[in-house]
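Using the hints, position chain B against chain A.
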Amino acid sequence: MKRFIFCLLFIFAAKTSFANLAYITNEKDNTVSVIDIKKNKVIKTVEVGQRPRGIIMSKDGKLVLICASDDDRVEVREAKTLKLKYYLPSGPDPELFILSPDDETLYIANEDDAMVTVVDMNDKMIIDDIPVGVEPEGMGLTNDGKVLVNTSETTNMAHFIDTSTLDILENVLVDARPRVAMFTPNDKEVWVSAEIGGTVKVINPSTKEVTHTIGFEIPGVNEESIQPVGVRHTNDGKYTFVALGPANRIAVIDQKSKELIKYLLVGQRVWQLAFTPDQKTLLTTNGVSNDVSIIDVEKLKVKKSVKVGRFPWGVVISPES
Amino acid sequence: MRSIYFLYIFLIYFCFGFFILEARELSIKQIEERKKADVERLKEREKRGNKKFSKEITLATKLIFLSMERKTPPVLSNLDPILDDEGFYGVKLAIEDNLTTGRFVGHDYKAEFHRVLLNENLKSEFQKLLNQGNKFFIVDLNEKELKTLFETFNSEEIIIFNVRSKADSLRNENCKKNLLHVPPSYSMLSDALTQYLVKKKWNKWFLVTGPDENDRKYADALKKSAKKFNIKIKKEKVWDFSADLRRTAGKEVPIFTKGEKYDVLVVADEKGEFGEYLTYRTWDPRPIVGTQGLTPKSWHRTHEQWGATQMQNRFRRESGRWMTEVDYHAWTAVRSIGEAITRTSSNDVKDVRKYLLGEKFGLGAYKGVKVSFRSWNGQMRQPILLASPRSMVSVSPQEGYIHPDSELDTLGKDQPESTCKF
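Chains as they are written, first to last, in the numbering used here: chain A, 1 to 321; chain B, 1001 to 1422.
One or more hints might be untrue.
[What the hints assert, rightly or not] Straight-line Cα separation of at most 25 Å, PhoX-like style, residue types lysine-lysine; simulated pairs:
1) A:Lys-258 to B:Lys-1147
2) B:Lys-1055 to A:Lys-208
3) B:Lys-1043 to A:Lys-124
4) B:Lys-1199 to B:Lys-1227
5) B:Lys-1110 to A:Lys-146
6) A:Lys-146 to A:Lys-59
7) B:Lys-1261 to B:Lys-1199
8) B:Lys-1123 to B:Lys-1144
9) A:Lys-303 to A:Lys-238
10) A:Lys-41 to A:Lys-301
11) A:Lys-208 to B:Lys-1201
12) B:Lys-1261 to B:Lys-1201
13) A:Lys-28 to A:Lys-41
14) B:Lys-1258 to A:Lys-124
15) B:Lys-1036 to A:Lys-85
16) A:Lys-62 to A:Lys-39
17) B:Lys-1147 to B:Lys-1421
18) B:Lys-1223 to B:Lys-1204
19) A:Lys-80 to A:Lys-124
20) B:Lys-1110 to B:Lys-1128
21) B:Lys-1201 to B:Lys-1258
[What the hints assert, rightly or not] Just the calculated beta-carbon pair ranges, DEER-fashion:
22) A:Met-125 to B:Lys-1144: 57 to 65 Å
23) B:Glu-1417 to A:Gly-220: 47 to 55 Å
24) B:Asp-1212 to A:Asp-162: 56 to 64 Å
25) B:Asn-1313 to A:Met-125: 19 to 27 Å
26) A:Asp-103 to B:Ser-1375: 49 to 57 Å
27) A:Leu-265 to B:Lys-1036: 51 to 59 Å
28) A:Ser-289 to B:Val-1349: 42 to 50 Å
Honestly, the hints are just simulated from the structure, not real lab data. The structure presented is a predicted model; accordingly, all values stated were derived computationally and were not measured. Note that beta-carbon positions come from the ideal geometry of N, C-alpha and C, so glycine has one too.
Chain A with its partners taken away, still in its complex shape (with noise of 0.2 Å):
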């Protein structure tokens, strides 16, 4: 009996022991970062496919999925040890991608083929590919699951998709170069940066109009180094941060006013951008520094800096705090 319990401590321990990790994608290194939160340190540098890029996680934080671009598939690894598991189909190019609230299906950006892969993720077959705009990438997803929207970098438009028939229900222009369409907590706004454009615009999801344009304009930077790629909405409404690209900044929005409230200087070339858990804190990557930054949000402060590979492109942080 004592070795029963032994038996059970021991699966118990081996399904609880991670926490506050966040993982980075080295674009031009081939490797994932693994970086402890609390400690502000990469724990662990693993190689994985070609061109790593989108990165994202199971809601149960056990699997880690990774955009292998030049290899053309997605690569599943398990979230403790970054092993392999195994492959998923995904289509040319894959960029970025979202899982459905169940974890049962995986929408992939293919950038190369103007598709949006749809993926099932107990059988590991793609479902159906749907034709979207040239250079799709930026994938938003309601909590529901129920719409979809991806945007297309040369075609400048959200595509607003309906994922129970995978078919696309309107198309919404918007400036040059959408790179991230993010939906607000409560659903009833999706963002969508424009990197060349230089905006952000706020459409409404039902009524697929354009409500809000917000522009940047930071004195002593020149206006066409501001791009803004990453957004992250906090959940109680308060803050919107977008990450502004080689202006080396992230802009903290007030989510509600749609005003701006500061700029957080970053590292160099800032992308994309995730939250903890309890959403105390935010990292940043940083490309052309070849680093992370990390935010207190509740100070709107720039903690600390810590050094990836190279080309740092996409993060996620493991769910569990």
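For chain B alone, coordinates are given in the frame of chain A:
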């Protein structure tokens, strides 16, 4: 006994778990099955009918791509194939891109390709196209040929995109209201290069110019840039040997470059008749810049930043070769028309032109910042790549060159210096 039983269960659990974790690599058989499944899926989709979101076509636009047949030049390099389809795939790809957007908003695009043959007359062929009522032209012609076009007509009812000529005169004294230029002018290219050389403090130049008219224009632009950025041209020479240098360069070049004190050898040789053979053969060890060595370009195969990788991949998949500058210009021209029509919902020449030259226009063209047109002479403002044969060295404008409106306007003639009057 009981404990062994539990251990047994544990082992089964463990092995089973292990099995789930590790046995996922696909066998050839599995891959074949998936391929079959792909085919099935395709059939299913066809059965469901065309799911492509498309709106009824409300606006259809036809573009003309006009080029000339050219005599094959002598082969100067065994490496680069001589292309007779430059621009074609650029237009094709951009039409596809425009159609993708168009499908969602009800706009249709089509391009017709016209090549004027050696025994045909450009002027009369162009007149025929005008008589057919064509409005949008993408033209792959040199400076002289472009000027002939304007001998026939000068109507504001049409719009012409130059995708080849870099001549400064077309952007200044010979500018036309309905002529837009995608290629950077010689002076934009030379300013882009000079800004970088200033940054490197390579301020003493030895300038070698080839025998062609275009080489002289390139050299003129370089001299103007040198003056603008306070560079000293220590020596200027014209290369007028017409011999094939492949076997004799080792003897000729050292003598040609001997006895001068300079930082860089600046070469203007657009055809590549001798420029390639200067490298490693100068009397003193000096880098080569200009049309060879480190060259300012609007597009280059080493360019991979800002989504350029996707463009390079798409282009190579379509054409089976690397994208050239003319291809890039043609793509950019057709995409500019598409962008203007998408945003204005009009294909009226006046609306399109107004939008293109206006402040709102900005196109993502894989250069990191938006490209747009200078309202005073129709030149596309754009960052310039500084490329060596196998790596991207820098992108101009260089940091620190500031401008009240756009830093891109530190390249080439700015509004106050422009002699263009529409």
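- Unmet hints by their number, sorted upward, for this structure: Those not satisfied are hints 1, 5, 11, 14 and 23.
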